[in-house]
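Residue numbers (the working numbering), protein chains in the order written: chain W, 1 to 398; chain L, 399 to 796.
Hints in this document: simulated from the structure, not taken from any laboratory. For glycine and all other residues, C-beta sits at the position ideal for the given N, C-alpha and C. Don't take every hint at face value.
[Unchecked claim] Using 27 Å as the maximum straight-line C-alpha spacing, the simulated DSSO-like pairs for lysine-lysine come out as follows:
no.: 1; chain 1: W; residue 1: Lys39; chain 2: W; residue 2: Lys376
no.: 2; chain 1: W; residue 1: Lys360; chain 2: W; residue 2: Lys275
no.: 3; chain 1: L; residue 1: Lys673; chain 2: W; residue 2: Lys275
no.: 4; chain 1: L; residue 1: Lys673; chain 2: W; residue 2: Lys360
no.: 5; chain 1: L; residue 1: Lys673; chain 2: L; residue 2: Lys683
no.: 6; chain 1: W; residue 1: Lys115; chain 2: W; residue 2: Lys376
[To be verified] With the Cβ distance kept under 8 Å, some of the chain L side facing chain W (calculated, not the full set):
no.: 7; residue: Thr439
no.: 8; residue: Ala442
no.: 9; residue: Ser456
no.: 10; residue: Gly457
no.: 11; residue: Leu587
no.: 12; residue: Val636
no.: 13; residue: Gly638
no.: 14; residue: His648
no.: 15; residue: Pro653
no.: 16; residue: Phe685
no.: 17; residue: Ile721
no.: 18; residue: Asn726
no.: 19; residue: Leu756
no.: 20; residue: Thr776
2 protein chains.
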Amino acid sequence: MTKQLLKSLLVDTPAGSPEGLIVRCLSQRGAISAAQISKLTGLARSTVSTALTGLRRSGVVVESYSVDEGIKGVGRPAATLALNPEAGTCVGIHLSLDEIRVVVADVSHSFIAEKTVTLGLDYPPDRAAKLTKAAIAECYDENSLPVSGLLGVGVSVSGPVSPEGVVQRASIVPTWAGVNIRDVFGPVLQQPIFAANESNCSAIAEMMWGAAVGCEDFVLFKIDLGVGGAIVQQGRLVTGIAGGAGEFGHISIDPAGDLCRCGNRGCLELYASFKRPLEQIERVKGFRVTMDDAMRMAAEGDVGALRMIEDTAEFAGRGLGIIGSIINPPLIIIGGRMALAGDMLLNPLIAAYERHTLIKSRDVTPESRTRIIKGKHTENDSLLGAVGLALSHHGMLK
Amino acid sequence: MTKQLLKSLLVDTPAGSPEGLIVRCLSQRGAISAAQISKLTGLARSTVSTALTGLRRSGVVVESYSVDEGIKGVGRPAATLALNPEAGTCVGIHLSLDEIRVVVADVSHSFIAEKTVTLGLDYPPDRAAKLTKAAIAECYDENSLPVSGLLGVGVSVSGPVSPEGVVQRASIVPTWAGVNIRDVFGPVLQQPIFAANESNCSAIAEMMWGAAVGCEDFVLFKIDLGVGGAIVQQGRLVTGIAGGAGEFGHISIDPAGDLCRCGNRGCLELYASFKRPLEQIERVKGFRVTMDDAMRMAAEGDVGALRMIEDTAEFAGRGLGIIGSIINPPLIIIGGRMALAGDMLLNPLIAAYERHTLIKSRDVTPESRTRIIKGKHTENDSLLGAVGLALSHHGMLK
C-alpha cells in the first residue's frame, strides 16, 4: 500500500502538488529538516507541515535523527525527515567492459541486493538485457522483495550516452555503439529506464549523498585506470548535444602523442590515469602490482610508487588547469580509486592546478577560490549514481 | 511619460505581471510576434493580447514589419512587436587597454550616440569614471535626449569580472585589478550598473540579436589579436566562481611554451590569435600589415597570408576540440575580426575541430552534431553586448 502510494507520488502525481514536491525533494536529498524542505520546494512552512502529517500517517515518510557529518557541534541532533526505506526500491545497473553489475536499493539508497553478470568482451545488448532481467528477478526473489515497489531502473554506461539514451561510438563497449539503452531494457524490464555515462552517475551520487550535497555547480574528475568526468551546472548535469560533455580523459594535450582508444592522439587519459604508472612500477619491481598495492607501497615510503602518484597528479592538475580556464568552477571533486591516495595525490595535484590555470588562488578572495577535494564515493559510485538517476529523474535532473 | 512607464515596467514592476513579463521579453528578444511572446513568457494568448493592447496604447510597444533574415520564404512578412525605440535609452561602456568607448542606444539597441575617451595606458579608475560621466552627458546633450529615460548602464571589461563586479588581476588593464566596477561607476553615474567580461558581452549580443537567437546553449570563441570566449548554458552566461569561465585564450596547450601576459606558459592565445601571424607576414613583406590587409591579401590569393589564416584556424580548432571534449556544445560561434575571413578560416578550423575532439560528426545523427558558424557581430560586439547587459539584466540573465 505504502509502496503503491510512493510510486504514484513519484511517478503519477502532478509535479505541483505539495505531496509530490516533498517526496521528490526527499528522493533527491535523503534526510533533511522540514525547514530545508520548505526552502528547497518553495512551499510555505504551514503547507509543508500539513502535507508531512499526511505522508507520515501513510508511512511514506519517516522521522529520523542523524548528526550531519559536515556540521561540527554539540547538543541534540536535529530531527530530519526521510522517505521510508520500506516504501520502495530502485534498480541500478552498471554496464562495464566485460560484465554487468546489478543492485537493488531502497529509497534511502541502501543496497539490499547485488549481482554480477559475467559476460566476456563484446557482449551483445539483447543477451545483456535478458541476463540482467534474470539477475534482477533473483535479487527480488532471494530477498522476498515485492517487484510492485520498483520505482525505476537507472543504467550507468562506460561511455558517452546522448540525452535520448543512445550509446556513442566512443564507448568502451563497441557492440553497444548506436544502441538506445531505453529500447534495449525498456521492453525487457517493463519499467521506466534512465541512462547516463558512468562518470555522470558518479556525479549524481556525490550530488545526492556525497561531497557535493548542496552544491549547484561543480566538476567531477575521476582518476582510475582511465580518466572520466562530469560537469554539473545550476544543479543539472551538462550532457552535451551528443552526450560528450565531461569527457576529460579525451582532452588532447599532445596532438603528436600516442594513439588513444578513442582514435585521437595524446589524450589526457594516457598521462593522468594510473595505467601507465602501474606498468612502470611493475617493470621496476618485476612482479604484478595492483592500484591498491601501489598506494600501499607509496604510503610505506616506496619512492617509485610515490613518484608515479605525483606524476599522475601533475598531469591531472594540468588537465584540470585547462578545465579551470574554461569553467572556473567553485568545486572540483576528485573521484576514482586514485582519490584513495589522499594528500599524496591531492597536494601535488592542487599545486599543478594552480600553476596551469588562469585564476590563481592568491589573487582572489577565499570565497572566490576553486576548492579541490576528495570524493566521498570512490567505489560503487557509478552503481550508486545509477540508483540516484532512477530516483532523481522524478525531480531536479531532467 | 512613456519613458517613465517603460523604466517602471522594467525595473519596478513585479516580475510576474503580464506587462512586466512582456516588456522584459521584448527587451531581450527585439522584434517578435505575439505568438512568440506567448510561448516565451508562458502567458496565455488572450492575456498577451489584452496586455499588448494597453502597452501599445501607452506607446511603450510598437508594431513593426520585418522579414527575418533567417527565414527564407515569400509573401507578406509577419507582423512583429517591439519596444518603442523612443521609450528609453541604455548606455554601453567598453573599458579597453588605453581608451573607453561609450554608446547611447535606444531599447531596440540602435546606437544613437558614441564617444571615445582617450586615456593612455594604465589609466586610474576614478579618472575613468569622471571622464565617462562627462562623455555620457555630452551624448545626451548633443542629441537632446532626456537623461530620465536612461534605463541602466552596462560595462564591458577586457578581463575577467567576478559575479560581484570585481575586475580580476588577469585583466589587460592592471590598474583595475581588484576594483569593483559598481563601486567605481555607481556613485558617479547614479544609475544601475551591470558589468561583464568583453567576450561575455559579445555572447550577450549574439544571444539577443545575433547568431545565437533562440539558442539556450552555445560557446563563443573570439579570434582577434587576442583570443576570448564565453559559455552560455540554459540561457545564462557561465561566469565561474571568480569570473574566469570562458577564458579560452588561456588554456595552456604547451606548459614549456612561451610566457603569456597572464603569467602562464604556452597559452592558446599565443597560437590561435592573429598577433604572431601578422608579425610573420610583416617580416616576409617588409612593411606594416593590419588584420584587414592580411585578410584582403589572402582573399586575393597571397599564399603567405592564407597560410597564416590556416595556421591560426588549426590552433583555434585544436583549442575548440578540447572545449568540445569538455562541453560538447550544440553550437560554436566564431567571433572577433578573424571571423570576417569567412570560409578561409572556418573550413580549416572545422577540420581541425573534427580531428581533435572526441565526438566526431560522422558518428552521430545530424541533430546531435556541433555546428560551427560565424558570429553576426564581429565589430562593436562588446559595446552592443554592454547595452544588452543593461537591458537583459531585467530578465533572463541574472
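Going down the list of hints, with the structure as the test:
As the CA atoms of Lys39 (chain W) and Lys376 (chain W) are separated by approximately 25 Å, the hinted pair is consistent with the 27 Å bound. Simply put, Lys360 (chain W) and Lys275 (chain W) have alpha-carbon atoms about 30 Å apart, too far for the 27 Å limit, and the pair is violated. Our distance criterion of 27 Å between C-alpha atoms is broken by Lys673 (chain L) and Lys275 (chain W), whose separation comes to about 40 Å. Distance hint between Lys673 (chain L) and Lys360 (chain W) is fulfilled; the C-alpha atoms sit about 25 Å from each other, no more than 27 Å.
Note on Lys673 (chain L) and Lys683 (chain L): the hinted pairing holds, with a Cα-Cα distance of about 16 Å set against a maximum of 27 Å. Of the pairs offered as hints, the one joining Lys115 (chain W) and Lys376 (chain W) holds, with about 23 Å between alpha carbons and a cut-off of 27 Å not exceeded. Interface restraint check for Thr439 (chain L): the shortest CB-CB distance to chain W comes to about 19 Å, outside 8 Å, so the restraint is violated. With a least beta-carbon distance of about 17 Å to chain W, the hint placing Ala442 (chain L) at the interface is violated under the 8 Å criterion.
The criterion of a C-beta within 8 Å of any C-beta in chain W is not met by Ser456 (chain L), whose closest approach is roughly 33 Å, and the hint is violated. Look at Gly457 (chain L): its Cβ only gets to about 37 Å from chain W, farther than 8 Å, so that hint breaks. Given the 8 Å rule on beta carbons, the hint for Leu587 (chain L) is violated: about 25 Å separates it from the nearest Cβ of chain W. The interface hint given for Val636 (chain L) is met, as the beta carbon of that residue sits about 7 Å from the closest beta carbon of chain W, less than 8 Å.
Using the Cβ-Cβ criterion of 8 Å, the hint placing Gly638 (chain L) at the interface with chain W is satisfied: the shortest such distance is roughly 3 Å. Interface restraint check: His648 (chain L) against chain W, minimum CB-CB distance 4 Å, threshold 8 Å, status holds. Given hint, Pro653 (chain L) at the interface with chain W, holds; its Cβ is 6 Å from that chain's nearest Cβ, closer than 8 Å. Taking 8 Å as the C-beta contact cut-off toward chain W, the hint placing Phe685 (chain L) at the interface is violated, the least distance being around 34 Å.
With its C-beta approaching chain W no nearer than about 6 Å, Ile721 (chain L) sits inside the 8 Å limit, and its interface hint holds. For Asn726 (chain L), the interface hint holds, since its Cβ comes within 8 Å of a Cβ in chain W; the closest pair sits about 3 Å apart. The beta carbon of Leu756 (chain L) is positioned within 8 Å of a beta carbon in chain W (closest approach about 4 Å), and the interface hint is therefore held. Hint status for Thr776 (chain L) relative to chain W: violated, with the closest Cβ pair at about 22 Å, above 8 Å.
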